[in-house]
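There are 2 protein chains.
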Amino acid sequence: MQQSEQEQQKEQEIAQNEMPDLIVNPYEVVNNSKKQIDYDKLIQSFGCQRIEQSHIERIQALTQKPVHHYLRRGIFFSHRDLNQVLDAYEAGKGFYLYTGRGPSGDSMHVGHLMPFIFTKYLQEAFDVPVVIELSDDEKFFHKSETTLEEYQRYGYENAKDIIACGFDVNKTFIFLSSKYAGHMYHNICKFQHAITYSQLRGIFGLNESDNCGKVAYPAVQAAPSLSSSFRHIFGKDEVMCLVPQGIDQDPYFRMTRDVCYKLKVPKTGCIHSQFLPGLHGFGTKMGTTDPTSAIFLTDSPKEIEEKVKKHALSGGGMTKKEHQEKGADLTVDVPYHYLRFFLEDDARLEEIRVQYGKGVMMTSEVKKELITVLTKIVTEHQQRRALVTDEIVEKFMELRPLSNYPPKKNN
Amino acid sequence: MQQSEQEQQKEQEIAQNEMPDLIVNPYEVVNNSKKQIDYDKLIQSFGCQRIEQSHIERIQALTQKPVHHYLRRGIFFSHRDLNQVLDAYEAGKGFYLYTGRGPSGDSMHVGHLMPFIFTKYLQEAFDVPVVIELSDDEKFFHKSETTLEEYQRYGYENAKDIIACGFDVNKTFIFLSSKYAGHMYHNICKFQHAITYSQLRGIFGLNESDNCGKVAYPAVQAAPSLSSSFRHIFGKDEVMCLVPQGIDQDPYFRMTRDVCYKLKVPKTGCIHSQFLPGLHGFGTKMGTTDPTSAIFLTDSPKEIEEKVKKHALSGGGMTKKEHQEKGADLTVDVPYHYLRFFLEDDARLEEIRVQYGKGVMMTSEVKKELITVLTKIVTEHQQRRALVTDEIVEKFMELRPLSNYPPKKNN
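Listed in order, the protein sequences are those of chains A and B. Here our numbering is used: the first residue of the first sequence is 6, the next is one more, and so on. Here our numbering is used: the first residue of the second sequence is 6, the next is one more, and so on.
Think of the hints as simulated: they come from the structure by calculation, not from any bench. Each hint can be trusted.
Repeated chains share a single entry, so a pair holds when one copy, or any two copies, can fit it.
Here are the simulated lysine-lysine pairs, DSS-like style, with alpha carbons at most 30 Å apart:
| # | residue 1 | residue 2 |
| --- | --- | --- |
| 1 | 148 | 269 |
| 2 | 40 | 290 |
| 3 | 184 | 241 |
| 4 | 148 | 241 |
| 5 | 312 | 381 |
| 6 | 184 | 148 |
Just so it is clear, the structure is predicted and the values come from calculations on it, not from any experiment.
Input sequences plus hints: build the corresponding full structure.
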């Protein structure tokens with residue numbers, strides 16, 4: 006542990022020295038560069054690995070399905086031990102996916118959907134179980150805006166949006182961490198036991214006036230990485246875990262992996278996504294305090310149209326002439342970047358990239374295309390969410406075996 | 006909270022300044038005075054209240070039973086909000102008792118029985134429910150000698166000794182905190198949320214290289230003080246809690262009471278016992294590392310006889326002549342002090358105090374009397390314990406209503 010702690014510290018120092026415009030941790034993402042984050046440098050400073058073309062090809066070969074455009078386009082761009090997870094799958098031992106969300110009462114926005122859209126793709130492609138933690142306790146400790154009971158209620162409501170992403174009820178277990186903690190308390194204790202206060206402080210930037218919940222909680226986020234936290238699914242089998250996540254969550258799992266090593270269980274695999282910027286540009290945040298900063302899952306087609314038209318920062322020229330001469334600056338252009346995330350058609354995206362970059366296509370045309378794409382995504386999401394009843398949520402939250410575990414034997 | 010934190014700090018400073026020979030906290034009791042601790046000063050420095058004759062009379066009147074000799078003799082000598090608990094009882098609202106033990110693989114000694122003997126008396130006298138926490142997680146965080154699973158096993162074995170004290174299975178719920186934490190996790194979160202790291206550090210003397218479990222755990226000891234941690238017993242009723250405990254545990258409940266105040270629930274009542282000294286004298290410890298330091302619950306009559314004869318520190322004169330002239334020094338004499346704890350007959354104890362103190366009675370006679378008393382207690386305990394099967398332990402640990410709650414209406 007001593008050595009790995011030093012490694013962590015070294016990594017953080019590198020990150021601080023080499024990327025002065027950037028802060029990335031689970032409680033703060035600040036990009037003062039106003040441009041796309043240099044994710045290659047971030048990989049280096051965090052000590053994780055780039056997802057290579059060879060990984061993508063291997064996933065395609067193993068799943069016999071086209072890989073998701075998040076992978077093709079490097080939106081999920083980085084990993085830890087992805088090969089070990091794929092090895093386990095190939096050997097017929099299977100693996101499971103773990104992701105989550107800190108529930109809030111605010112409307113979720115399209116950025117929040119990303120890990121769930123991607124996890125749902127992986128579930129389908131690999132036919133593996135998914136566990137989803139709604140960390141109401143974390144929000145209670147860190148936000149403290151309301152009661153734990155209210156965060157539980159938010160979690161329950163957020164579960165409806167997550168379910169609307171299309172997860173298979175027979176393969177998915179969703180839980181509020183405040184309700185499920187008892188079932189994995191033996192693992193929570195092991196993580197709390199294996200981590201010192203000073204290590205946590207280094208990872209999460211805690212200070213002494215922080216409440217004790219902030220010290221206790223990281224173990225609650227780590228525990229679902231061990232299959233023994235889900236005896237109703239995995240029995241006594243030790244199954245590898247892969248965690249799709251925004252790269253800001255990586256410190257949690259760096260810590261988790263260190264402890265896995267100490268506990269002599271397989272280290273948790275990670276697969277990291279880039280951040281979706283706010284509508285106002287790279288380095289801006291999405292949030293309900295400024296409704297024009299994001300596309301929310303509750304927005305009407307009219308709201309979407311207005312937000313994209315008025316508020317999505319354009320990298321196009323200031324005048325038509327300038328635009329036609331210089332083309333759009335795609336490194337700052339939000340509409341193009343959103344299409345990277347949400348337009349599935351590779352050929353059309355490439356066409357836009359070239360034509361818009363050359364100044365042949367105008368910002369208004371790109372925005373129009375984005376409005377069409379986002380309206381379809383949000384409207385269809387709303388239709389699916391309207392069908393998610395309390396009974397369906399209860400079903401996802403019920404303790405039960407999942408139908409695709411144990412994995413089918415490869416023939 | 007700010008003010009109460011300052012109060013706590015002030016209390017600790019007083020304790021440190023005025024009692025330089027004494028350290029009392031949940032993780033360390035050191036008495037360098039070699040004499041009986043000045044419990045009056047300890048009451049003052051901890052800011053709790055002396056149990057007065059009026060309390061004893063009130064308890065006798067309410068229960069219509071002779072009060073336990075631990076109360077009559079001031080062995081349970083201090084309290085917090087005992088009157089409020091008795092008020093609730095008198096008003097027909099009832100209360101419940103909460104006590105516990107950090108399980109260890111070592112044999113329990115007679116000192117460990119004290120809180121359970123006393124709690125069992127209170128259960129019988131008041132006819133109230135008892136909850137008993139076996140804090141296997143605490144031991145895992147603080148001792149780290151073995152695995153959590155092993156501490157669970159110790160807890161299970163220790164439960165047999167506790168049950169052998171005579172608790173009524175229909176009125177008693179015993180739980181391993183690692184197994185029950187999930188049922189009270191909502192309250193654990195509220196405690197963790199309400200206490201800062203620096204407050205905990207002040208109370209328990211933590212440092213930064215301590216594991217996170219030590220920061221998380223105090224809330225797990227506090228949570229059973231809220232009746233909402235036991236929905237299977239109390240439903241949604243808010244019932245007052247009284248905690249019989251060694252005074253070294255008071256810092257936990259000082260913290261607990263501060264949080265109760267913040268959560269706007271009744272403050273936990275406390276009733277504190279003195280410490281039973283080791284056989285080698287006041288200021289010495291009991292423990293398995295030196296088997297001659299204590300009477301263990303597994304000792305044979307021969308072992309008890311030998312330990313008392315050879316190892317129980319006498320306050321008698323060095324020679325028969327000196328003893329007859331000066332009498333025994335009862336402030337350092339262990340056999341007499343043990344009789345205060347374990348000989349129920351008040352008249353006989355008084356006789357010994359006077360005769361031994363005058364030098365009429367010899368140490369050998371007092372020791373002989375102690376051997377008789379302890380042999381009876383330990384032998385009978387062993388007989389009762391032999392009858393405690395795993396099935397009986399399971400029954401005590403089963404989640405169920407208790408037969409004496411809700412309390413019977415006073416007519």
